[in-house]
Amino acid sequence: ETGVTQSPTHLIKTRGQQVTLRCSSQSGHNTVSWYQQALGQGPQFIFQYYREEENGRGNFPPRFSGLQFPNYSSELNVNALELDDSALYLCASSPMGGRQETQYFGPGTRLLVL
Amino acid sequence: AQSVTQPDIHITVSEGASLELRCNYSYGATPYLFWYVQSPGQGLQLLLKYFSGDTLVQGIKGFEAEFKRSQSSFNLRKPSVHWSDAAEYFCAVEANAGNMLTFGGGTRLMVKP
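In order, the protein sequences belong to chains W and S. For the first sequence, position 53 matches number 53 in my numbering, and the numbering has no gaps at all. For the second sequence, position 12 matches number 12 in my numbering, and the numbering has no gaps at all.
Keep in mind that the hints were calculated from the coordinates and are not lab data. Among the clues, some could well be false.
[As the list claims (entries may be wrong)] Covered stretches of chain W (in silico footprint by chain S; criterion: 3 or more residues with CB under 8 Å from a CB of chain S, positions within the stretch not fixed):
hint, stretch
1, 44 to 50
2, 64 to 75
[As the list claims (entries may be wrong)] Derived Cβ-Cβ restraints for the label pairs, each shown as a range:
hint, chain 1, residue 1, chain 2, residue 2, range
3, S, SER70, W, PRO8, 42 to 48 Å
4, W, ARG15, S, TRP83, 38 to 44 Å
5, W, PHE69, S, GLY16, 29 to 35 Å
6, W, THR9, S, ARG69, 36 to 42 Å
7, S, SER70, W, ASN79, 29 to 35 Å
8, W, ASN79, S, SER3, 27 to 33 Å
9, W, PRO70, S, SER3, 32 to 38 Å
10, S, ARG22, W, LEU11, 32 to 38 Å
11, S, GLN45, W, GLU82, 45 to 51 Å
Note that beta-carbon positions come from the ideal geometry of N, C-alpha and C, so glycine has one too.
Chain W with its partners taken away, still in its complex shape (with noise of 0.2 Å):
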């Protein structure tokens, strides 16, 4: 069974600039979620996605875009990039996307922005 995965490991990027960070789900999950995690706090909620849908969003604006695709792969969009969006980004996937259920997360994209 192959966990979550997420590309690329590091990322340097510059004020203004747009990126995308990728998320391979679980096998047999339909659901991703991602979080933002800065440095010496924990994550936090970013939005969701089940079965291609936006299910929930925490307090991020709207630059903060997602894609879920067919496959269950996910992607997180971040565009006109701030300093304070340097953090450790976690994608989290899980069978339903009910309550009760455990959040299998990748181990992380490190975005640094300059």
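Starting from the known structure of chain W, arrange chain S on it as the hints suggest.
For chain S alone, kept in the frame of chain W given last:
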């Protein structure tokens, strides 16, 4: 809205000593609670979870946690810490809809030889 507080940012214990990491939550309904561990350069690994029933929950790696509704707490314990337990620990509560998690700020555990 739900929130999670982990009062201890850093904790240092000696190898073989017991451990308790504190977690307090704020949530209007029955909370679904989780503890995750994060080792350097890695994602989050689930240690244990509480949904209902027995308030003492057993997890992996010898960890356990006790849910106390009256104190709004879900503290993580281990009777004897190993050097490999050094990591960051996060407590989380699940939102009312779906399974979005709200995390605490984390507690960094250091283990002295």
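Go ahead and decide if the range 32 to 38 Å is satisfied by the Cβ distance of W:PRO70 to S:SER3.
Because 36 Å falls inside the window, the suggested range holds.
Cβ-Cβ distance between S:SER70 and W:ASN79: within 29 to 35 Å?
violated (46 Å)
Given coverage of the stretch 64 to 75 of chain W by chain S, tested with a Cβ cutoff of 8 Å and a minimum of 3 residues:
Result for this restraint: violated, n = 0.
Is 27 to 33 Å respected by the C-beta to C-beta distance linking W:ASN79 and S:SER3?
With Cβ atoms ~29 Å apart, the hint holds.
Coverage assertion for the stretch 44 to 50 of chain W with respect to chain S, Cβ distance below 8 Å, three residues required:
holds (count 4)
Is the gap between the beta carbons of W:ARG15 and S:TRP83 within 38 to 44 Å?
Given a distance of about 41 Å, which is inside 38 to 44 Å, the answer is holds.
Tell me if the beta carbons of S:GLN45 and W:GLU82 are separated by a distance inside 45 to 51 Å.
Given about 30 Å between the Cβ atoms, the range is violated.
Is the distance from the Cβ of W:THR9 to the Cβ of S:ARG69 consistent with 36 to 42 Å?
Taking Cβ atoms as reference, W:THR9 and S:ARG69 lie about 41 Å apart, which means the hint holds.
Whether the CB-CB distance between W:PHE69 and S:GLY16 falls inside 29 to 35 Å
violated (49 Å)
That 32 to 38 Å hint for S:ARG22 and W:LEU11 (C-beta), does it hold up?
holds (35 Å)
Return holds or violated for the Cβ distance of S:SER70 and W:PRO8 against the range 42 to 48 Å.
The hinted range 42 to 48 Å holds for S:SER70 and W:PRO8, with Cβ atoms some 47 Å apart.
Comparing the model with each earlier hint shows violations of hints 2, 5, 7 and 11; every other hint is respected.
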